[in-house]
Amino acid sequence: MLAEKYADKIAKIRSKYPDLRSTVMPLLYIAQEEYGGLDESSLREVAELCDLDPTEVKTIAGFYTMYWENDEKGYKKGKYWLQVCTDLPCALRGADQFFEQLLDHLGVEDGGTTEDGMFTVEHVMCLAACDKAPMLQCNFHFLENLDMEKMKAKIEEWRAEAKERENG
Amino acid sequence: MPDKVEFVTIFIDGEAYQVPKGANLVDVAKFYADNDIPVFCYHPKMSPVGMCRMCLVELGNSVDRQTNDIKYNADGKPEVMWFPKLQTACTTTVTHGMAVRTDTPKVTDARDDVIEFILTSHPLDCPICDKGGECPLQNLTMRHGAGVSRFDFDNKLHLDKHVPLGELIYLDRERCIQCARCTRFCDEVVGDPVLGFHERGRSLQIVTLSDPPFDTYFSGNTTDICPVGALTTADFRFGARPWELNEVPSLDPYGPEGANISLSTRLDRDSGGVTIIKRVMPRQNEYVNEIWISDKTRFGHHHSRAENRLSKPMVRREDGTLETVSWNEALNTIAEVLKKSAGSVGAVAGPMVSNEDLWELRQLVELTGGSKLGIWPATMTGAEAVAQVGVGTGTNFKDMGKGTTIVVVASDLEEEAPIWFLRTKQARDRGAKLMLLTARPTKLDKYAACILRHHHGETLNAVNNLIGAVLSSDGFTFEESRAEGFDTVKKAKYKGDEAGYDEAAKMITGAENVVVLVGHEGLTLAQHGDVMQSAANLLILTGHVGKPNNGLIPVWPGANTQGALDLGFSAEATADALSQSVVIVAGADPVGTDPAAKAFIASADFVIALSMFDTATTAIAKVILPRQSVPERDGTFTNGERRVQRFYTAQGLIGDTRPDWKVFSQLSNLIDPAVKVRLSAAAVMAEITKNVPRYAEMSYKNLARMEKQFPDVGGDDLYYGGTAYGNHGGLGVQWPVDAEAAGKKLTLKAVKSEKTAKRKGLVAVPVRRLYDRSPEFSASQMMHQRIPSAYAQLSRKDAEKLKVVEGDDITLVFGDGKVRVTAKVDGSTPEGVVLVPVNLTDNPVPTAPMAVEVEK
Ligand code: SF4
Ligand code: FES
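So the protein lines, in turn, are chains D and Y.
88 is the number that numbering that gives the first Met the number 0 gives to position 89 of the first sequence; each next residue is one higher, with no gaps.
121 is the number that numbering that gives the first Met the number 0 gives to position 122 of the second sequence; each next residue is one higher, with no gaps.
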């Protein structure tokens with residue numbers, strides 16, 4: 000339950016807004032991180048926390064691409080959500096090849112999640128960092144000036160990181 | 000259009016018009032210039048969003064900036080500066096000197112293009128679509144669509160066509176043109192945001208996640224305002240084609256609001272070749288329900304053709320068996336009994352009994368020498384208070400906004416009168432202040448500016464204390480000429496200093512208009528009478544009487560309670576009426592709905608029941624006469640705002656039935672051949688107009704009178720307001736109250752506050768739920784999932800004491816009555832109270848508050 004587990008975080012978010020209703024977006028992020036994406040039960044949970052009808056919460060989750068809805072996609076989001084910009088300026092700097100290689104390397108389709116549930120890769124529209132392409136956004140943090148060499152190293156790093164977390 | 004507005008000159012296609020400043024351009028063009036600017040997303044009852052672009056027009060300005068006058072050229076035409084781009088008319092409000100062109104090639108091209116664009120993702124499956132024939136998109140495609148599609152069929156988006164949004168409404172995703180009328184209706188008009196848009200662009204779709212899905216009492220209205228066939232009701236889906244239907248004006252048979260409806264009927268092979276109702280649609284009456292109806296009104300009509308309808312008269316033989324007999328035999332049997340009754344005759348009429356029936360029933364009872372005329376349920380009273388200060392004629396919730404205070408007393412308005420709930424909420428959105436004098440939280444709480452919470456049963460003191468606070472508020476003066484009896488109020492010494500009441504008093508004294516809606520939750524009949532009187536006093540004292548949008552509206556338990564009171568029936572007489580030796584019960588089931596009634600009627604020798612269904616009352620009746628449902632006949636109902644309205648014969652008869660007025664008239668004739676048999680409901684009404692002064696103006700002709708209404712819906716241009724029906728049945732007539740009569744002095748009759756008794760033990764408080772198990776509603780199979788199962792609601796504290804948890808089966812014991820229900824435990828129920836919905840249980844629960852024991 001988010002209310003217990005993230006009591007402090009939620010209290011802090013609430014203190015920033017005039018009414019409960021306005022806290023829906025930050026709370027959706029918390030739910031998404033906690034549950035590996037949003038599904039019906041997590042939407043209801045957030046609705047309860049913000050005193051909204053679950054329908055309203057669902058429309059917000061559906062409107063913004065930063066929210067991952069398991070029910071719509073049919074599967075969960077990976078722990079690391081890699082969003083590669085392949086728009087024209089990035090493509091001119093080789094982002095589309097980079098994207099293809101990344102998919103090959105992880106063995107997934109565009110928008111897919113690796114079998115171990117670690118990575119989800121998808122192409123996205125402009126992230127406003129064209130000058131540093133190829134670039135991607137991982138869990139809302141930018142990684143810029145990439146090539147496959149750097150990427151592979153990063154992937155190993157993430158894997159190790161995850162394992163460490165699992166063990167300890 | 001509201002009055003008291005400033006008018007400005009605008010030019011539509013070169014013609015000058017005087018129109019109200021600040022009004023919406025689409026509305027204005029239609030109303031004043033008969034110019035239909037096509038729309039999809041715009042709806043005259045909702046705020047504009049400018050989403051579909053169908054309403055593009057050329058706009059310009061003819062005003063000289065220096066002088067602020069309209070510039071005219073030599074030949075008297077305005078000199079217009081046209082804006083370079085087209086603009087959406089639906090988001091434009093009219094200003095002085097505005098010029099509009101709607102007939103230029105530029106505008107026509109734009110409309111053609113928008114239609115073509117919309118059709119790129121619309122299946123055009125009109126031949127199998129329920130909306131086909133009355134579809135805004137279809138009509139506008141005929142007007143603006145290209146004859147040939149430039150779009151390859153296979154490229155069209157194909158989506159799910161049968162998505163149930165709950166059991167009542169189906170969504171066809173392909174057909175949706177994303178106008179957001181349905182979502183805005185739920186959100187903006189009703190305040191139940193249970194429909195929403197999910198995703199964007201071409202993936203956009205309507206979703207609901209409420210529990211149960213599409214959880215609102217008004218869901219059916221979205222199917223009317225949807226400009227395409229994307230939303231359809233489970234009731235009418237694939238039921239008939241609109242052009243086969245005949246529209247018959249009728250009335251909601253359930254609620255005190257008197258919602259106007261249109262019954263779409265057709266000769267139906269599957270129903271044995273009789274004319275039946277295929278669907279119920281709203282009929283526009285801006286004074287009453289505008290273009291909205293509740294789902295109960297829309298889907299409840301199945302009771303009129305239920306299989307278990309009684310179809311023949313029956314007489315109970317000596318050995319107790321029932322035998323089907325001819326009308327002649329049945330009526331003669333009754334006439335014989337009535338002749339010998341020596342005046343010990345009582346009558347009790349239910350809330351669906353029309354004015355004509357009531358009048359003839361009264362004639363019959365009086366002919367036999369009887370005088371006891373009761374109503375059922377006998378929960379509310381206050382005819383006198385209404386006669387003095389009922390809301391002024393011409394009252395319209397639509398005109399209430401800033402400056403109006405609406406007070407709701409002892410009522411859960413959403414459950415008891417959903418249309419008034421909706422209109423109250425909208426008045427509040429327009430700036431009206433809402434004050435609640437209620438004993439527990441209801442859905443209105445979130446809209447209230449002031450809540451005077453009190454214990455169930457102590458409503459009178461709350462109203463009195465409010466009067467006290469008004470009297471002691473600064474600058475309060477009373478004009479002695481207004482009413483007599485002011486000294487009785489002063490002498491009553493109401494408390495004027497209760498916390499929170501001074502604020503409330505300011506909301507009353509400072510308001511231009513005050514309307515008070517009075518229900519009866521938690522009140523006995525006597526208490527309710529006192530509350531009505533006290534509420535009337537409050538209105539008289541503050542001068543909020545005798546003009547439109549001021550006065551009292553009782554939240555009566557049924558469609559024609561007001562009519563019954565007008566014609567001499569009363570709740571006070573009910574107990575007496577039931578205790579006579581011959582009792583006529585029309586359209587009510589007292590035995591099955593209140594344990595107390597059972598005790599009264601036990602002393603009767605001969606019960607005559609007029610009923611549509613087998614009930615606990617017919618089970619003890621000596622003669623049972625089958626009643627007709629509202630759609631099978633004509634007649635009138637009087638709503639809670641005293642508006643007398645007509646309903647018309649719509650549906651073929653089920654079985655061998657007669658209207659009640661005819662039955663009573665024939666009985667009168669059998670008893671005394673000098674009494675003429677009335678030949679039509681209209682003739683009965685003619686008799687009423689002669690004998691009942693307040694009904695003098697209520698001839699059928701007057702009741703059928705129409706006037707032009709705004710917005711104009713139901714014409715060929717259905718896209719404008721959706722598929723609501725124009726009114727061809729009349730707007731009805733309100734009878735004026737004493738406060739409106741010039742020179743008539745009103746009377747203040749102060750009611751003493753009650754000593755609040757120490758509360759001990761639990762009290763069962765009957766509450767009304769919109770969806771119940773009365774046979775007049777529950778015959779609609781499709782509603783079953785929405786009707787709550789029998790329950791009782793307890794506070795957390797009481798539940799803890801009783802060791803009861805949510806979902807437990809418990810037994811409620813009152814006196815010698817018992818019912819088994821499921822416990823609901825929540826924070827909204829006050830301590831010491833068990834809320835018991837009426838008409839949900841198999842055994843009757845009391846209709847007035849009563850001590851109760853809870854057993855596990
Ligand atoms: S379902 Fe109908 S009313 Fe709702 S958005 Fe679609 S077209 Fe409009
Ligand atoms: S944009 Fe004006 S009606 Fe839709």
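Please keep in mind that the hints were generated in silico from the structure rather than gathered at the bench.
None of these values were measured; they are calculated from a predicted model.
Do not rely on the hints blindly, as some may be mistaken.
With a straight-line cut-off of 27 Å between C-alpha atoms, the simulated BS3-like cross-links for lysine-lysine are [as the list claims (entries may be wrong)]: (1) Y:707 with D:72; (2) Y:707 with Y:397; (3) Y:707 with Y:494; (4) D:11 with Y:445.
From the derived model, a few chain Y residues whose C-beta atoms are all more than 12 Å from chain D [unchecked claim]: (5) 7; (6) 116; (7) 138; (8) 195; (9) 199; (10) 445; (11) 457; (12) 506; (13) 704.
Glycine included, every Cβ here is placed at the ideal spot set by N, Cα and C.
Here is what the structure says about each hint:
Proposed proximity of residue 707 of chain Y and residue 72 of chain D is contradicted: the alpha carbons are some 52 Å apart, above 27 Å. For the hint pairing residue 707 of chain Y with residue 397 of chain Y, the CA-to-CA distance comes to about 16 Å; that is within 27 Å, so the pair holds. A threshold of 27 Å between alpha carbons decides the hint, and for residue 707 of chain Y with residue 494 of chain Y the separation of about 49 Å lies outside it, so the pair is violated. A hinted pair counts as satisfied when its Cα atoms are at most 27 Å apart, and residue 11 of chain D with residue 445 of chain Y qualifies at roughly 26 Å.
The non-interface label for residue 7 of chain Y is consistent with chain D: the shortest C-beta to C-beta separation is roughly 38 Å, beyond 12 Å. Its beta-carbon lying about 22 Å from the closest one in chain D, residue 116 of chain Y satisfies the requirement of being farther than 12 Å from that chain. Every C-beta of chain D lies more than 12 Å from that of residue 138 of chain Y, the closest at about 30 Å, which supports listing it as non-interface. Not every Cβ of chain D is farther than 12 Å from the Cβ of residue 195 of chain Y; the closest lies at roughly 3 Å, contradicting the non-interface assignment.
Here residue 199 of chain Y does not stay apart from chain D, with its beta-carbon only about 6 Å from theirs, under the 12 Å limit. Distance check on residue 445 of chain Y: its Cβ comes as close as 10 Å (rounded) to a Cβ of chain D, failing to clear the 12 Å threshold; non-interface status is violated. Distance check for residue 457 of chain Y against chain D: the nearest CB is about 30 Å away, which clears 12 Å, and the non-interface claim stands. Remark: the non-interface label on residue 506 of chain Y is consistent with the geometry, its nearest Cβ contact in chain D lying 24 Å away (cut-off 12 Å).
Listed as outside the interface, residue 704 of chain Y is consistent with that label: its C-beta sits roughly 43 Å from the nearest C-beta of chain D, beyond the 12 Å cut-off.
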